[in-house]
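Chemist: Given next are the chains, with one letter for each unit.
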Amino acid sequence: MIGRFGRIITFEMQNKTRIYTVSQVNVLIKVALEESLPPRLIVRGQISDWKHHTSGHCYFSLKDENGILPCVMWASRFKSVKFSPGDGIAVLATGHIDVYTVGGKYQLYVDKLEPEGIGALQLAFEQMYKQLKAEGLFEEKYKKPLPKYPMRIGILTSESGAAVHDIRDSIFNRWPCAKLFLYPVPVQGEGAADEIAAGLRDINRRNEELKLDILIVGRGGGSPEDLWAFNEEVLARAIFDSKIPVISAVGHEVDTTMADLVADARASTPTKAGVTAVPDMQEILGQLTYFEKRLDSTVRTELRLCRESLQTLLASSVFRNPLLPVRDREQQLDDLRTAITDSIRGLLAQALRKVNGSHEKVSKIEPYRLLRGNIVSLQTLEHRVELAMQSILNKANKSFTDKAASLKDAIAGLLADVRKQLQFNREEIARIRPEGVLRKKTVELSAIDGKANAGVKAVINKLQIQLTAQENRLVVLNPRSVLQRGYSITTNKKTGRLVRKLEDVQIGDLLTTELAEEKLVESKVTKKQNRGK
Amino acid sequence: MAKNEKKNDIGKMTFEEAIKELTSIVGKIEQGQIPLQDSLEQYEKGMVLIKHCRGILQKAEKRIEKIVEEKN
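Keeping their order, the protein sequence lines are chains A and B. Using the numbering used here, you'd call the opening residue of the first sequence number 1 and step up by one each time. Using the numbering used here, you'd call the opening residue of the second sequence number 1001 and step up by one each time.
Hints were generated in silico from the structure; no laboratory data involved. None of these values were measured; they are calculated from a predicted model. Treat the hints with care, since some could be wrong.
Unchecked claim - Here are the computed lysine-lysine pairs in the BS3-like style, where the Cα-Cα straight-line distance is at most 25 Å:
| no. | chain 1 | residue 1 | chain 2 | residue 2 |
| --- | --- | --- | --- | --- |
| 1 | B | Lys1059 | A | Lys143 |
| 2 | A | Lys293 | A | Lys148 |
| 3 | A | Lys451 | A | Lys441 |
| 4 | A | Lys293 | B | Lys1062 |
| 5 | B | Lys1028 | A | Lys179 |
| 6 | B | Lys1012 | A | Lys272 |
| 7 | A | Lys354 | A | Lys364 |
| 8 | A | Lys130 | A | Lys141 |
| 9 | A | Lys243 | B | Lys1051 |
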């Protein structure tokens, strides 16, 4: 450095009237700046003339009340800027000053740009919030209703984090019948938001086959930088576009991310995901039991009411006393008959009284004088009475006949009903055929009888054989059976004892000898001696 | 035969569908607007639905399956 500086001085001293090219001057300035300025500096100012070129590089100026400083920020550096720079934003720009020889100007080469006052992330958040809100992404009308009983639940989170266990436990504690599907994604660092967003779109595309009812996107707590992926626009849009309802479950209670704002529902932490996403199974089981009870009691009540009204009907007089209308008519008939008889009697008595009256009058007024005329008028009178009586009788007779006929019809109708019922009963009985049943039973009975008989016979036969055996043994033991073999039994007729020894008989005794087959021989003792002597 | 078909239908119902049907049956029967014969049929159907729902709730594998990105 010192050497180079020295070389310039020498150059100047030797060539006082030297002419420089533009490039040479620019190099001189470049070197002078390099030598005298700190290699890295932080500049405070307000952005103006902000241009984000299609190449990705940014060109702008920083200014304050008195001056302006041209700046450039290469795309590679700009990538890590979270907020959107723009005119009027107060910033701190870090970089170095160099000469842009082509443009003939010095400028600040910025490698870090931060908003002044508030943090970059916070500013970025506020900017994104404004933009998405203006587009309507947070509006209530776009929020999809969550299914009441989700059975297949997709979870997008890190496979290795604690969040996946928290979410799983919080769901299974309430709703163990659900099936969970983990879609592993990175949840922090460069590119995480892109991967989560791609995952959301992938699942939505495949949901014909996956059939997920609901998706949970989340991660556990961490620094604002750790959670940043959930603030990125690409993820917010993917959540908004999802056809499947999305629940966000990011960080701690206090953290609010863009994902939380745009999701259809938000769980404040992964451990609360279950409460947001699924119902409590115990509660639903209770509801089912309640339904069951309601159904049961309603149907029971209805049945009881029907049974009661049937009972009431059966208890009514029509069923209890079907002949009552007939009896009523009979009574009516009797009443009528009495009334008719009475009225005819009355009429007859009246007519008789009239005739008697006339008779008296006739006898009072010198009948012979008036006889001629009176006989005629009497005859007329008699004839009129007769006619009147006839007409009264006719009328009475007719109404009596009419009433009797209608009664007869009614009784005939009732009788026909009763007869029909009787016939029906008879047919019922005929259909059942009691005698057929009886016959069948008799056959069954005789079969049983036959079996029983055979059994008894077998027993008797067995006993019979045993009996014969016993008999044979007895026969052998019978002393008389010895007679068959030629032995005989001899009894002294005098003593009546069996002859066993010589002393049992005396000469001249009569002996009775019993042979086989109950033959007897009588003999007399003539000699007594021992054999062999 | 028709009864069996009905049972199969209920067997294929999702929990949500079954609960919806059940709620409507309970409402219908409680209003008492349907004849006894129908309400007995509905009662029976309601009981089958309750059984189906309980069956779904008590089928708990508590497993977490992994789905991966489908590259196309």
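Chemist: Are lysine 243 of chain A and lysine 1051 of chain B close enough, with their CA atoms no more than 25 Å apart?
Modeler: Roughly 32 Å separates the two Cα atoms, so the pair is violated.
Chemist: Quickly compare the C-alpha distance for lysine 1059 of chain B and lysine 143 of chain A to 25 Å and report which way the hint goes.
Modeler: 31 Å, violated
Chemist: Would the hint linking lysine 130 of chain A and lysine 141 of chain A be met if the CA-CA limit is 25 Å?
Modeler: Satisfied, since the Cα-Cα distance of roughly 18 Å is no more than 25 Å.
Chemist: Would you check the hint for lysine 293 of chain A and lysine 148 of chain A, treating anything up to 25 Å between C-alpha atoms as holding?
Modeler: 23 Å, holds
Chemist: Mind checking the alpha carbons of lysine 1028 of chain B and lysine 179 of chain A for me, to see if they're no more than 25 Å apart?
Modeler: 33 Å, violated
Chemist: With the threshold set at 25 Å, check whether the alpha-carbon distance from lysine 451 of chain A to lysine 441 of chain A stays at or below it.
Modeler: 15 Å, holds
Chemist: Between lysine 1012 of chain B and lysine 272 of chain A, is the straight-line Cα distance small enough, at 25 Å or below?
Modeler: 31 Å, violated
Chemist: Would the hint linking lysine 354 of chain A and lysine 364 of chain A be met if the CA-CA limit is 25 Å?
Modeler: Holds, because 15 Å separates the two Cα atoms, which is no more than 25 Å.
Chemist: Taken at face value, is the distance from the CA of lysine 1062 of chain B to the CA of lysine 293 of chain A at most 25 Å?
Modeler: 30 Å, violated
Consistency note: the structure conflicts with the earlier hints numbered 1, 4, 5, 6, 9.
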